[in-house]
Structure formats: structure tokens, C-alpha cells
Amino acid sequence: MKLLIVEDEKTLSDSILSYLTRENFICEVAGSYAGALEKIELFDYDCILLDINLQDGNGLELLKQLKANHKSDGVLIISARNSIEDKVAGLHLGADDYLPKPFHLSELGARVAAIIRRRNSGGNTLIRLEEIVIDTQARSVSINGHPLDLTRKEYQLLLYFAYNKGRVVSKNAIAEHLWGDDTGAAANYDFIYTHIKNLRRKLVDAGSRDHIQSVYGMGYKLALS
Amino acid sequence: MRLFVKYSRVNIIASIGALLLGSIGYYFMIRYVLVHQLDDTLKVEEAEILDYVKTRDRLPEPANYRDQQISFTPAGSPVARKFIHTTGFDQHHNEDRPYRQLLFSVRAGGQLYTASVSYSEEETEDLLRLMMLVTAGMIVLLLGTLFLANRLLLRRIWQPFYRTLEGIRRFNLSSRQPLPVSNTDIDEFRSLDEAARQMTNKILKDYEVLKNFSDNASHEMQTPLAIINSKLDLMIQDPGLEQVHHRPIQAMYDAIGRLRQLNQSLLLLTKIENNQFVHTEEIDLALLTREKLVQLEDRIRDRHLTVRADLDKLCLPINSYLADILLNNLLLNAIRHNQDGGHLEILLRERILRISNSGPALPFDPATIFDRFTKGAHSGGTGLGLAIVRQICDNYQFHLTYSYVDNRHVIGIRFPPLQNFDKMQG
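Just so you know, the sequences run in chain order A and B. Using the working numbering, the first residue of the first sequence is number 1, and each one after it goes up by one. Using the working numbering, the first residue of the second sequence is number 1001, and each one after it goes up by one.
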């Protein structure tokens, strides 16, 4: 999978590069509007991570350019401007998703994976995690072929872990993913614990190995052997 | 008080005063002239009597006509010649009448007499009265004309002023329409119009600057936060990370979350203040509240709250995003500042929304509950949630109240009747 990260803040693009490269993605970085324009004209990408506030241009123009060139690259806008207008404009211009800064890398990873899955699935909507199979079309889960009944939140949680498999996902990232922005700092993380406990119990009861590990006080990790 | 009323009042009072003073002066002057004329007549009479006495050395016959009397009375000593006002009995009318009288001494046949020549002042008085009547008529006519002329003139002259005023009143920041030019040949109004247009143009420009500023501020603050957050996300992947570092990292995550939320809330508040959410649609508040309760069910369950919702359908023309924020903040607030196993009650009836939750009394002045950064010492919130609620209510002229009754915090919003919405948006 080939990704292009268009971001003029080098320290941030370094982080993204480092997090996503380990996901078996080939990542390239463009630090400016001009550099990005050159790259998108020369190559095709599965997903472009596009910061719209660039020093030398507006990322939305790149979107227009993509459209004009009839390119079908997936686009995830990452913007410091958390404004509805920008979001609407971006999605209208053909972006697949919009993620306001600051974000958790796990959230970014999940969104990128979802975009690529939607675009390149070619009918394959299944994610396999050893004995666990997630059908993203039917939004259902099965263990060793037996369907597993999960609540909406538990399903979202499992999918989030699947998109970030092998990674430690912080509790803050989970809370924001499941309950949105206004989780509130110093929130009570007990309900995350409850949901994860329930998910683990259901998976184990259905005959799966206990893949979800707790990482001290910070977060959780879905580890495959 | 309208300008015209005020102007007319002053104008008419001043006119009446001036005319009254003028009339009094006029009265005395005319009276003086008329009496003087009468005195001349008396002098002619005196001269005739003296002439008569001089040539014949005896008195003429006394006369007693209707408006002129001449009489002589013997006197011991001469009197000083003088004019006086007096009254005399008029046989024709059988009543006392005012007379002007001239007394002087005359010597005839060796005897000293006091001669008295009187002339009725009645005619003078009549004339004076008539003149005063005419004057009064003139005053009334003058005032009436003045009033009408002012009214017509003022109305016409002030037309451009009212046009400019209407333009300012209709001025709406979010529509970005500059004031229309009002054509007038009156310099004062033209400069008023120009000044108003300059001012609104400046406001429009400042508004634009402010809007850009908030966008830029957002950019400048969110990016460093994104960097810190991403570095932490990478750091926790490190298997060599020691357990003693976990707690500080968690604290950093929490602090970043708080900063991010604070930043977003402040920007949101500014945007609402700037009226940047113009688009309105019909929102069913009851439906939206139910949706919100479903979204928040985890938190409600987490705190073991008993929820009672009694919601009548109420459709309001409101921006959907703001309606969402309004209910979200109110409900989140009622959940967060509740006690475990407490109550949460939501009533929507007769255009009043009332959200109440159990909880201890506020540790701060209840009057400041909707102010920015008002919060309890242990609240993990930004202290902006209810400030945002108030700003939204202010924008839509909803009436927002807080009270604490029977260990319950009650926040109420009264929505104005529908026609007020039209007025607001017109």
C-alpha cells in the first residue's frame, strides 16, 4: 500500500511516517504544496493524508487538482481548522474523511485503513485476525466460523483494535473514538474498562484466545501470535 | 419622545411665551397711544374754554353729553393741571363708565373755578378689546400654521435620516452586506450616512480579521498539540518503556485532551458570538434530546443515574449544530456534576425545557454559573460548557435560568413564541 503524507510540520509527519510505516505501508512525505503537487501528478497513491493549511498553498486546491486529473486516490484531510465549512468543502471536493488536529495516531491509522479497505476491498470485506473474522460490510464478527453477538460499542472497539493490531492504543484514544470529542479530560475511564472486559469475555467464551492485553495504566493492545 | 414632538413642544412653548410678552407690550403701547389721543381732545376743549373765558370773562355753559362732560366748581385755591382716570355715572346706560378727565383752574369774573373736562374712555376700551381679539386670533393662526409647517417640513427633511437608521437596523454581520447609499442633498445627513457606512465597513473588515484570527489561532495551537500527542502515541509503543513512566504519560494525555477541548470550546464560543452559524432549520427538540440520551447512555449507566424524560414535541428554527451542542452540554453537565445513583430529569413542556440533576450545592456563587471558566475545584471540565449554552441562548433570545431546589440543580430554558423568531431573523 502506498501512502502520501502531505504535511509541512516535519516533526508531525515524522511521527505519522513512523507509526504507519510499521503497518506495512510504503509512505512518502511531501512537506509543501509544490512538492505534493509534483508527487500526485507522477504517482498514484492508495491514500493521501492531506494537511490543508500548507505554507505555500491550500490543500483543498490539491484536491481539485486530483479531481481534474481524474485520479482516484483516497484522501484523508488532516486539518488544524476544525471548522464545519472546511469539512463540508473537503468532503464535497471528494475527500474520503476529515480528521481535525490534534489526533491520536491510532485514530489516524484506523481511518487510513478504513479508507483503503473501502477503496481496494474488491468485494473482500473481511478482516481476519487468526480465528476472529470481522465482516465490515455486515458489521458482524465470527469466531472459528461461529457468529458472535457484540454490542455496537464492542464491535467498534474490536474494529479499532483490528486496525491498530500490535499497537498500544491509549485509553484516551479509545474514549475519543467511542464517545467523541467531549469525553472530558480526567474522565472516568471505568466505562472503557467495562466495555473491554465485556469484549474480552465474549471473545474468550466463544473460543477465541485472549488477544487483548492491558498495558499497565495506559492502554490496551491487540496482540496476535 | 420623537424629535418632532420634542421640537414642536419647545418651539410652541417659546412662541407662545414670546407672543404673550409681545401682546402685553402691544396692549400697553396701544393703550398709551389711545389715551394720549384722548388727552389731545381734552386739551383742545381746554383751549376753547380758556379762549372763551379770556374774551368774555365768564364761564361757558357746562355741557353734559353722552361721552363728554364739562363742569365748573368754585374753588378756594388753584389746582395743579392734571389728567386722571375716573368713573362717572352714565344715565343712558344706567351704570358707571370709565372717563378720562382733565382738571385745571380758570378764573372768571374774579372767581376761581376748577374746570373739569371729561371724555368717555368707552370707545378707547372697545377699540383696545377689538385689537386684542384680532391679535389673539392672529396668534392662534400663527401657531397652527407653524405646527403644520414644521410637521410637514420635518417629516420630509428627516426622511434620509430614517432611511439611514433603517439601514443600520437591518445591518447584519453574517450577511456581509454593506449599508445602502442614501441619496440626500442635506450635508448633515450625508455625513451621517457616510459615517455609518464607514463604521459598518470597518465592522465587516474587523469581523473578517477576527474570523481569520480564530482560524489561525486554532491552527497554531492544534498543531503543537498534535505533535506532542503523536510523540506520546509513539512512545507508548516502546517495549522498553518503564512502568514508572506510564502514569506521567497518562497525565500528559489527559492534559493534552484538556487543552484541545479548551481550545475548541473557546473557538466555538467565539464563532457563536460572531454569529457564524446562520443556517437554521426546524429541529424537533424532543427527538434530539432522546437521541442525545441514547448517545450518552454509557455515561448515564456508568454513574447509575435514574433518568426521567418527559418530552413534548417542540419544533424550533435553530442551527442544527448549535442545537446539538446546546443539549449535549446541558446533559453532559447534568451527568458529570451528578452523584452516583442520582437523578436526571428532563422536562420539555409548553416551550420550556427543564433539566434537573441531584448533586451538592455549588461551591461558587450561583449567579456566575454561566460565566466563562466558572467551575468547581475538582471539575475536570473546561468551565466553558455552560458559557457556550448561555451564548447560544443569547443568540436566539432564549431565556436561561438556574436554581437550586431540594438538593437539585435545575437549568431551565424558555423558548420565545414562534413569531419572535421571525422578527429576529427578519
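Possibly wrong hints are sitting among the right ones.
[To be verified] On the chain A side, residues computed to face chain B include the following (Cβ under 8 Å):
#1 11
#2 60
#3 218
#4 219
[Said to hold, decoys possible] Keeping only pairs whose Cα atoms sit at most 25 Å apart, straight-line, the calculated DSS-like set for lysine-lysine is:
#5 B:1375 / B:1271
#6 A:87 / A:64
#7 A:2 / B:1271
#8 B:1292 / B:1375
#9 A:87 / A:39
#10 B:1271 / B:1313
#11 B:1313 / A:153
#12 A:87 / B:1082
#13 A:10 / B:1231
#14 A:202 / A:165
#15 A:202 / A:221
#16 A:197 / A:153
#17 B:1043 / B:1006
#18 B:1211 / A:221
#19 B:1313 / B:1292
#20 B:1271 / A:87
#21 B:1231 / A:165
#22 B:1292 / A:87
#23 B:1271 / B:1292
#24 A:10 / A:39
#25 A:64 / A:39
[Said to hold, decoys possible] Over 12 Å on every C-beta distance to chain A, these chain B residues come out as not near it, computed from the model:
#26 1009
#27 1012
#28 1019
#29 1066
#30 1109
#31 1161
#32 1207
#33 1209
#34 1221
#35 1282
#36 1303
#37 1312
#38 1363
#39 1405
#40 1408
Read the hints as simulated data drawn from the structure, not as lab findings. Ideal placement from N, C-alpha and C gives every residue a C-beta, glycine not left out.
Here is how each hint holds up against the structure:
no., hint, verdict
1, 11, "holds (5 Å)"
2, 60, "violated (14 Å)"
3, 218, "holds (5 Å)"
4, 219, "holds (6 Å)"
5, B:1375 / B:1271, "holds (22 Å)"
6, A:87 / A:64, "holds (15 Å)"
7, A:2 / B:1271, "violated (38 Å)"
8, B:1292 / B:1375, "holds (23 Å)"
9, A:87 / A:39, "holds (24 Å)"
10, B:1271 / B:1313, "violated (29 Å)"
11, B:1313 / A:153, "violated (29 Å)"
12, A:87 / B:1082, "violated (109 Å)"
13, A:10 / B:1231, "holds (12 Å)"
14, A:202 / A:165, "holds (19 Å)"
15, A:202 / A:221, "holds (17 Å)"
16, A:197 / A:153, "holds (12 Å)"
17, B:1043 / B:1006, "violated (55 Å)"
18, B:1211 / A:221, "violated (42 Å)"
19, B:1313 / B:1292, "holds (15 Å)"
20, B:1271 / A:87, "holds (16 Å)"
21, B:1231 / A:165, "holds (19 Å)"
22, B:1292 / A:87, "holds (22 Å)"
23, B:1271 / B:1292, "holds (23 Å)"
24, A:10 / A:39, "holds (17 Å)"
25, A:64 / A:39, "holds (15 Å)"
26, 1009, "holds (54 Å)"
27, 1012, "holds (58 Å)"
28, 1019, "holds (68 Å)"
29, 1066, "holds (103 Å)"
30, 1109, "holds (125 Å)"
31, 1161, "holds (38 Å)"
32, 1207, "holds (15 Å)"
33, 1209, "holds (16 Å)"
34, 1221, "violated (8 Å)"
35, 1282, "holds (19 Å)"
36, 1303, "violated (8 Å)"
37, 1312, "holds (27 Å)"
38, 1363, "holds (17 Å)"
39, 1405, "holds (26 Å)"
40, 1408, "holds (22 Å)"
Checked against the numbered hints given earlier, this structure breaks hints 2, 7, 10, 11, 12, 17, 18, 34 and 36; the rest are met.
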